[in-house]
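Q: All chains, full assembly: derive it from the sequences and hints.
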Amino acid sequence: MDINSANLRALTTGYRANFQAGLGAVQPMWGRFATEVPSTTSEELYPWLNQIPGMRKWIGERQIKNVADSSYRLVNEDWEDTVSVGRNSILDDRYGLYRPLMGMLGDAAGRQPDELIFSLFKQGFTTNCFDGQFFFDTDHPVLDANGSFVSVSNVQAGTAEPWFLLDTRKALKPLIFQNRQAPVFAALDNPDDPNVFMKKEFIYGADSRNTGGFGFWQTAFGSKADLTPANFAAAFTAMTLLKADYGAPLSITPDVLLVGPSNRSKAEAIVKKQNLAGGESNLDYGRVELVVAPWLG
Numbered sequence: 001m002d003i004n005s006a007n008l009r010a011l012t013t014g015y016r017a018n019f020q021a022g023l024g025a026v027q028p029m030w031g032r033f034a035t036e037v038p039s040t041t042s043e044e045l046y047p048w049l050n051q052i053p054g055m056r057k058w059i060g061e062r063q064i065k066n067v068a069d070s071s072y073r074l075v076n077e078d079w080e081d082t083v084s085v086g087r088n089s090i091l092d093d094r095y096g097l098y099r100p101l102m103g104m105l106g107d108a109a110g111r112q113p114d115e116l117i118f119s120l121f122k123q124g125f126t127t128n129c130f131d132g133q134f135f136f137d138t139d140h141p142v143l144d145a146n147g148s149f150v151s152v153s154n155v156q157a158g159t160a161e162p163w164f165l166l167d168t169r170k171a172l173k174p175l176i177f178q179n180r181q182a183p184v185f186a187a188l189d190n191p192d193d194p195n196v197f198m199k200k201e202f203i204y205g206a207d208s209r210n211t212g213g214f215g216f217w218q219t220a221f222g223s224k225a226d227l228t229p230a231n232f233a234a235a236f237t238a239m240t241l242l243k244a245d246y247g248a249p250l251s252i253t254p255d256v257l258l259v260g261p262s263n264r265s266k267a268e269a270i271v272k273k274q275n276l277a278g279g280e281s282n283l284d285y286g287r288v289e290l291v292v293a294p295w296l297g
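Residue numbers (full-length UniProt numbering): 1 to 297.
Possibly wrong hints are sitting among the right ones.
When the alpha-carbon atoms are kept at most 25 angstroms apart in a straight line, the in silico DSS-like pairs for lysine-lysine are as follows [unchecked claim]:
1. K273 x K224
2. K122 x K224
3. K122 x K170
Calculated directly from the structure, the hints in this document are not laboratory data.
A: In structure tokens form, the structure reads like this:
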């Protein structure tokens, strides 16, 4: 192929189509566990995360919840992936060999939100959420029925590979995916570009802007204890007993057990076997949906 502007524009159009095909073929998992929040600037504030709404009997004046004292903010991050095609490959009509690469570029761009969101589950043991505590913590402050602060836990300690119980059916899911810019395909494909002059290569890439964060800790329970029926039951019960400020039940019911591949067998034994080893019924069978995420180890 001759190196000229018309041919290069046509080549970029084809590569862009390959990129879009790869991007569109991705079936992401993150949407089950994170609420997407559109972003219009470099960062977003979430002042309302410190209050879970709840209806009350209207006696006297309205009780206005203070949502102005939370400083939880999420700053968007830039993401990129870049590949090159040698000038000689185009001159020698070998540019078609790079079409799968452009498709893989789209695939990688489409999977980036999954990598981001699922990494947050592990980070939740050491990263603060809106209340100033780790997302998975033993000391989340909650007001009891008398208006006094008590500490509430959504974590089990241990040294095993982590696993998680989640309530994904609330209006706000356990995590937040803050989306500033969807993946776009770009090219440095002018014959006069410095990269062509210096290195004899044309550059193609994708970039996006987004970040992730933590929603309501009450909708997630993280454990590093061994995944056993007893620990599963304790975590499940702890979530169902959670209360909002002043003692109103939150009606949390876990619907997903999220594990990595290393915990798959233990998880299947708990929630996918109808009968136990002795033949008796397994009361945890089908209690939650099992989801195995490769990013959790």
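Q: A separate judgement is required for each hint: does it hold in the structure or not?
A: Now the hints, each set against the structure:
1. K273 x K224: Cα-Cα ~23 angstroms, so holds.
2. K122 x K224: holds, 10 angstroms
3. K122 x K170: holds, 21 angstroms
Of the hints listed earlier, there is not a single one the structure fails to meet.
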